[in-house]
Amino acid sequence: MKITMELQDISKNYGTVTALESVNLQVLEGEVLSLLGPNGSGKTTLLKIMAGIEKPNNGEVRFDSVKIHENNMSQMRLKTTMVFQKAVLFNTSVHENIAYGIRLRGLSKKETDERVKKALKTVRLEGYEKRQAKKLSGGEQQRVALARALALDTNMLLLDEPTANIDPKNVSIIEDVLSWVNKEKKTTMVIATHNIFQAETLATRAALLLEGRIIKVGTPQEIFMLPSKLLANYTRLENVFTGMSRISEEGTSIIDIGEGVHIEAASQKIGSVSAYVRPEDIILSVQPLISSARNTFEGRIKEITDLGSIVELRVKAGREFTVQITKRSFNEMQLNLNSKVFLAFKASAVQIV
Amino acid sequence: MHAALGNEIIEGFIRALQLIFSGDLTVVEISVRSILISGSATLLSVLWGLPVAIVLGLRRFPGRFLIKGFFNSMLGIPTVALGLILYLIFSRAGPLGFLRLLYSPAVMIIGQAILITPVIVSFITSAIESADPDIKNLAKTLGASETEASIAVLKESMNGVALAVTASFNRAIAELGVVLMIGGNIAGFTRVLTTTIALETNKGDIELSIALAIILLLIVFALTLSVNLIQRRKT
Chain A
6 MKITMELQDI
16 SKNYGTVTAL
26 ESVNLQVLEG
36 EVLSLLGPNG
46 SGKTTLLKIM
56 AGIEKPNNGE
66 VRFDSVKIHE
76 NNMSQMRLKT
86 TMVFQKAVLF
96 NTSVHENIAY
106 GIRLRGLSKK
116 ETDERVKKAL
126 KTVRLEGYEK
136 RQAKKLSGGE
146 QQRVALARAL
156 ALDTNMLLLD
166 EPTANIDPKN
176 VSIIEDVLSW
186 VNKEKKTTMV
196 IATHNIFQAE
206 TLATRAALLL
216 EGRIIKVGTP
226 QEIFMLPSKL
236 LANYTRLENV
246 FTGMSRISEE
256 GTSIIDIGEG
266 VHIEAASQKI
276 GSVSAYVRPE
286 DIILSVQPLI
296 SSARNTFEGR
306 IKEITDLGSI
316 VELRVKAGRE
326 FTVQITKRSF
336 NEMQLNLNSK
346 VFLAFKASAV
356 QIV
Chain B
65 MHAALGNEII
75 EGFIRALQLI
85 FSGDLTVVEI
95 SVRSILISGS
105 ATLLSVLWGL
115 PVAIVLGLRR
125 FPGRFLIKGF
135 FNSMLGIPTV
145 ALGLILYLIF
155 SRAGPLGFLR
165 LLYSPAVMII
175 GQAILITPVI
185 VSFITSAIES
195 ADPDIKNLAK
205 TLGASETEAS
215 IAVLKESMNG
225 VALAVTASFN
235 RAIAELGVVL
245 MIGGNIAGFT
255 RVLTTTIALE
265 TNKGDIELSI
275 ALAIILLLIV
285 FALTLSVNLI
295 QRRKT
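Sequences listed follow chains A and B, in order. The first sequence: position 71 = 76 (the numbering used here), numbered continuously. The second sequence: position 53 = 117 (the numbering used here), numbered continuously.
Isolated chain A (complex conformation) (with noise of 0.2 Å):
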């Protein structure tokens, strides 16, 4: 398969910061590549040096198989673009900033015109050409941001964790939009997460980097096979806890995480295991609930964040849970922080790796 970019021996400090490390990796052409690591393992910096925006301190980047440097640097800038995770917007009009980078490309009015429109459709925000980016909501904004990147139908694409902080909503209609785009129009995409289920999702490879280093690059499954301690501290930080499964008489694994709670799963695995909880996959109530659910904790609110329709929750049920309610049941419940809360979710929400 042809290569699109090359990185060899990749190196990056800030003063006594390293934040890359000799890295070497290979961007295929038509790929969905994701960058697994946690925050300030170097993803951002690396997306940085591929985009052309980020000069390296050693190691070289090859874009086509041509040596990227300063002279031709320009022209790789127009063949790949980057979405970034807090979306930068120029302070005008929707229209304005997705028309932005066509008309660098000394495309006309009419033929810039119909590629916002175009843009637009995509990420499904028709007719708001003419509102003021700024005063979107962050995943709107973020939406725009992505229309803007794919109006230019660069060759290659590179997200900065395109869907960080913003409600499920819109994070739904991203991965709809970058799962599209990637089918249809076969655009190389580079996409950098800690959500490695996103990973999973999206990416037909993925490499996981922790301290500015690459540990591994392989298929989702092939990273999902890593020691799962590596994994969990590192990949997703949301409902992942580590521990000692053993099988119980049903024959689903019972999995003791600390603190006292024990998590039950319905998949088998004995020994050390990492297991995730989606936290849209637990409900959350005022009562106990009688239910089919295997979980059932109580706990109470430590964190509340508002993500647009939906609210997201860290519950401290002996060990901290981040649920994710929608915005009218928050309203409805009169949760505060401190509240008393139950939580619920069946073993099979449960994945244990």
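Don't read these hints as lab results, they were simulated from the structure. None of these values were measured; they are calculated from a predicted model. Here a beta-carbon is modelled for each residue, glycine too, at the ideal position from N, C-alpha and C. Errors might be hidden in some of the hints.
Said to hold, decoys possible - Part of the chain B face toward chain A, derived, beta carbon under 7 Å:
#1 Asn201
#2 Lys204
#3 Leu206
#4 Ser209
#5 Glu220
Since chain A is already given, all that's left is putting chain B on it; use the hints.
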């Protein structure tokens, strides 16, 4: 005594309004000259101050802090002190005396431009610095060259740039020290609003002084208000 002074001010105010609304030639001539000289000075200071502000706002280099500090401290330079320095430079015996510019509108433009350059540089630098630091990188990822990316940052800082230009013009048109010392207040040639107000008040012609002071305030208010309105419409 107090009542007499009060009456004088009221009478002066009424006479001033008559002067303004009758389109008195002297008043019009002095006002237009003030606007032209201070407008040209503002343009000139933008011409040389803007590139300096862009470099200070976007680049990091040794000595940058010192240059910024210099322009910041020059913000409050006393106009009379600058007027004196320029007088010595442009007077016959001075280093630029051969240009024979002293007591001409040209030297008034240069003097005011120097006076307001620190306002242009300091305000625009700080506006650029407070723009989203990722804007330059964003523009580059969308295909912009180094220069195009700098223009994008400047566009984002437009509110600050407009404020700097307005404040500069206002400081120029309202200052007295520089224009008086190097302009000489020659009737029909270098006489502007502030120098006339000072002169006429000394002479006791309070009506003309009040009329010109009202015009000066109106110019400053009208310009500031228009710039604010344009900015509001944009957002």
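Quick rundown of the hints versus the structure:
1. This hint holds: Asn201 (chain B) has a C-beta 5 Å from the nearest C-beta of chain A, less than the 7 Å allowed.
2. For Lys204 (chain B), the suggested interface contact is upheld, since its CB lies about 5 Å from the closest CB of chain A, less than 7 Å.
3. Because the beta carbon of Leu206 (chain B) sits about 3 Å from the nearest beta carbon in chain A, less than 7 Å, this interface hint is met.
4. For Ser209 (chain B), the interface hint holds, the least distance from its beta-carbon to any beta-carbon of chain A being 5 Å, beneath 7 Å.
5. Interface hint status for Glu220 (chain B): upheld, as the beta-carbon distance to the closest one in chain A is roughly 6 Å, under 7 Å.
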